[in-house]
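K.L.:
Respectively, the protein sequence lines represent chains A and B.
So in UniProt numbering, spot 86 of the first sequence is number 86, and the numbers just go up one at a time.
So in UniProt numbering, spot 178 of the second sequence is number 178, and the numbers just go up one at a time.
Quick caveat, the hints were computed from the structure, so don't treat them as lab data.
Please note: incorrect hints may appear among the correct ones.
No copy is singled out in the list; a pair is fine if it fits within one copy or between any two copies.
[Said to hold, decoys possible] Straight-line C-alpha distance at most 25 Å; calculated SDA-like pairs for lysine to any residue:
no.	residue 1	residue 2
1	Lys24	Val156
2	Lys198	Val95
3	Lys198	Gly236
4	Lys220	Tyr147
5	Lys181	Leu214
6	Lys77	Gln211
7	Lys175	Tyr147
Protein chains: 2
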Amino acid sequence: MPYGSRRRSAHIVMADTGWPGCVKSLKGVILDLCGVLYDSGEGDGVAIPGSIEAVKRLKESDLQLRFCTNETQATRKNFVAKLQRLGFDISVSEVFPPAPAAIAVLKERGLRPHLLVHDGLLPEFDAEDKTNPNCVIVGDAAENFSYQNLNEAFRVLIGLERPVLFSLGQGRYYKETDGLKLDVGVYMKALEYACDLKAEVIGKPSPTFFQSVLNDMGLKPNEALMIGDDLVNDVGGAQYCGMKGVQVRTGKYR
Amino acid sequence: MPYGSRRRSAHIVMADTGWPGCVKSLKGVILDLCGVLYDSGEGDGVAIPGSIEAVKRLKESDLQLRFCTNETQATRKNFVAKLQRLGFDISVSEVFPPAPAAIAVLKERGLRPHLLVHDGLLPEFDAEDKTNPNCVIVGDAAENFSYQNLNEAFRVLIGLERPVLFSLGQGRYYKETDGLKLDVGVYMKALEYACDLKAEVIGKPSPTFFQSVLNDMGLKPNEALMIGDDLVNDVGGAQYCGMKGVQVRTGKYR
C-alpha cells in the first residue's frame, strides 16, 4: 500500500484532533460502532453519512483497524451481519463486544450466571451452565428490564454469600432513531444500590477490555487511537489506558 | 389516664433499648408501619403478632403516637382503611406518608410533576397540574417500573434545563409475604445516574419529613422515639434529627 494512501486515511481521522505530532507513531485505530458508524433504531438502524466510505479508506491504509463496542442486544455474529447489511466491510474477528469477554471470565473463575440480558444476546450464552447461579450478568436488556426481571436478579444476588455482579458496560443512555434510551449502566447502579455492592464492568471503559483489543493488534497503547461518541466510556476509557481518544459529534454527542 | 398505665406502655417500647434514663423525657412515639405493625403482600398483607395490642396499649398511655411511613402504593385514605381492616385503631390524621408532603412541596415551588408511581397513588395527585411537567416524582411504582416508564421519566428529566427529581423515600428493598421486593430508592439511583443529578428525598430519612411529624405532636426531637425495621431510613434518620431510634427484629431485619 503506497505511503500516500496511509497519509490520507490518517488525515481523515486526525483532522479535528489538533495532535499532528502523534500521526507518526499511529499504527492502529479502534472505532466505536453505534453513534459513530451507524445509529441504532427500527430494523437495522441507519449508517451515518460518510461512515461506510471512512471504514473503506481506513482499511485501504496500513493502519490496523478494530471495532470496539458495548453492543449487547445481539450475538457478535448477528451484530456483524447487521453491520454488513448496512454496507460496512467488517468481519466477526475484527469486532470486540462484551459478551465473549464475559464468557471468558466465567470460565476463568468457574462462575454460573443468572442472565438479565436482551433476548437477542441469549444464544451467546447457550453453552454456559446456568443452574444454581453464583453470579449475575446484566446487559442492555431494554424491554427485558421489567420490575419482575430486575427483582429476580436482585434476589439471586442478595441470596449469595459473596454476590458477584457483572455489567456489560456502564453507559447511561444511547441514541436510537426515535430518541434517547436508558443503557445498562442505569440498571447496574440500581442493582449496586439494592445489594450494596460494586459491579465489575466488562466492556468499555474497562482497561482489561481495551487491553484485549490492543493485544489482538499487537500494539502499545500510545500506538492506537480510539474514536467514539461517549466521552467517558470511549474517550476517557482509552485515555486512562494510555491511548489517544477522539470524540465524534454524532450519536449521543450533545 | 393513671400513671401506671403510662409506665406499662413505655416499658413495652423501651424494653430492649437499654436506655432506662430516657423514659422520663419521652412524650411521643413514632411508629413505622410496614415490617413493624404488618407485613405487606397478597391483599392487605398480615398484622405482625402482638402489634394490634401494642398500638392499643400505646394509645391507652399518655404518650403521643404518630405513624410515619414511606408507603406510596396507595393514597393515605386507602392505606389507612387497609390498616383498619387489619384491626389497627389508626386514623388518617395520625399517618404521615410522603405523597401529601410532596404535594406541599409542589405548591410551594410552583412545580408540575411527571409521575412515575403506583396506580394506587395516582388519585392523591388528581388536583395537581401535570401538563408540560418541570419535575419528576418517583414513588414505589412496583410493576409500573417498566423499561418504557423509566425511559419516559428519564426523557422528561434530560429535557429540562434544571432537572428536578423527587423520590418518595430511598429504601433499597422491602419484605412482602412472598419475598423481598425492590423499593423506590433503587430506581431513584437509576435516574440519578442516567441524568447525573441528585434526587431530593421526600419521606424518611429526610429531616424535613421527621420534623413535620414532630411539629404535629408539638415535641422536641429528644422527647420522641422512632421505631422501625430499617436501620438507615428509620433508626438512622431519626437519630440524625436528634430523636432516639429503635430497630425491631421483624420486617426486613436480617
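K.L.:
List, from low to high, the hint numbers that the structure doesn't satisfy.
P.N.:
1, 2, 4 and 5
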